[in-house]
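Asks: Each chain, letter by letter, is given below.
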Amino acid sequence: AIQLTQSPSSLSASVGDRVTITCRASQGIGSDLVWYQQKPGRAPNLLIYDASSLESGVPSRFSGSGSGTDFTLAITSLQPEDFATYYCQQFNSYPLAFGGGTKVEIK
Amino acid sequence: QVQLVQSGAEVKKPGASVKVSCKASGYTFTRYYMHWVRQAPGQGLEWMGWINPNSGATHYAQKFQGRVTMTRDTSLSTAYMELSSLRSDDTAVFYCARDRPPSRGFGESYYFDYWGQGNLVTVSS
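Chains as they are written, first to last, in the working numbering: chain A, 1 to 107; chain B, 1001 to 1125.
Any given hint could turn out to be false.
Below, simulated EDC-like cross-link-like pairs (lysine to aspartate or glutamate); rule was C-alpha separation at most 20 Å, straight line [to be verified]:
id	chain 1	residue 1	chain 2	residue 2
1	B	Lys1013	B	Asp1089
2	B	Lys1019	B	Asp1073
3	A	Lys39	A	Glu55
4	A	Lys107	A	Asp82
5	A	Lys39	B	Glu1046
6	A	Lys39	A	Glu81
7	A	Lys103	B	Glu1046
8	A	Lys39	B	Asp1113
9	B	Lys1023	B	Asp1113
Restraint ranges, calculated between C-beta atoms of paired labels, are given here [to be verified]:
id	chain 1	residue 1	chain 2	residue 2	range
10	A	Gln3	B	Ser1103	19 to 29 Å
11	B	Gln1001	A	Lys39	30 to 40 Å
12	A	Gln27	B	Glu1108	18 to 28 Å
13	B	Thr1030	A	Ser14	25 to 35 Å
14	B	Thr1071	A	Asn92	23 to 33 Å
15	A	Thr5	B	Ser1025	45 to 55 Å
16	B	Lys1019	A	Asp17	41 to 51 Å
17	B	Val1011	A	Ser56	31 to 41 Å
18	A	Thr76	B	Gln1117	25 to 35 Å
These are calculated hints, taken from the structure and not from any lab test.
Beta carbons are placed, not taken as given, at the ideal position from N, Cα and C, and that holds for glycine.
Make the full structure from the sequences, and use the hints.
Replies: Next up, the structure:
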């Protein structure tokens, strides 16, 4: 089974900061990776699909990059509504799997 | 608009079963796979499997094989997930999630664009 390791597990940042989160796969998965945002008590929300494509309706300050084993989610100019937990998910092979999450907190 | 509405919270005893429902609206129910994902309190997300609402075919994560059953009722546009032999570590919020329409125009995506609101299932004696 493919394992996804996210880093950091948490970070503190200020409004306006640029934030990057990484997701490393235990084996190559091409571009078969997506990113979600989850706020407390809510279901996850799809941000990025196919590693770098922005989902409709998602602000352009979110971007994704990478392929193979190393992926990055970047948020430019962090907004108050961006404080949440972010998860990567691979869909290259079964079982579909999520990273452990990165909690973005207010500094 | 697309909506997935799940049934309410449940409290079950160890060894019992729970059946959670997910009613879809706003799209053709049979067109997109439905997945189930769970999240233990304060923990990450765990994929359980999918059902093809059109054919009823299923694929379960090996971890849940033998304990999970996913079904659907097309007349009600509703998907169901039943988990048996419940243990305390099955306490979690269970989500249904729709397979996103594929960007390439055919097949399945195996990631999720719409989610239900979640069902908290508490397993406790």
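Asks: Could you work out which earlier hints the structure fails to respect and list their numbers in ascending sequence?
Replies: 11, 13 and 15
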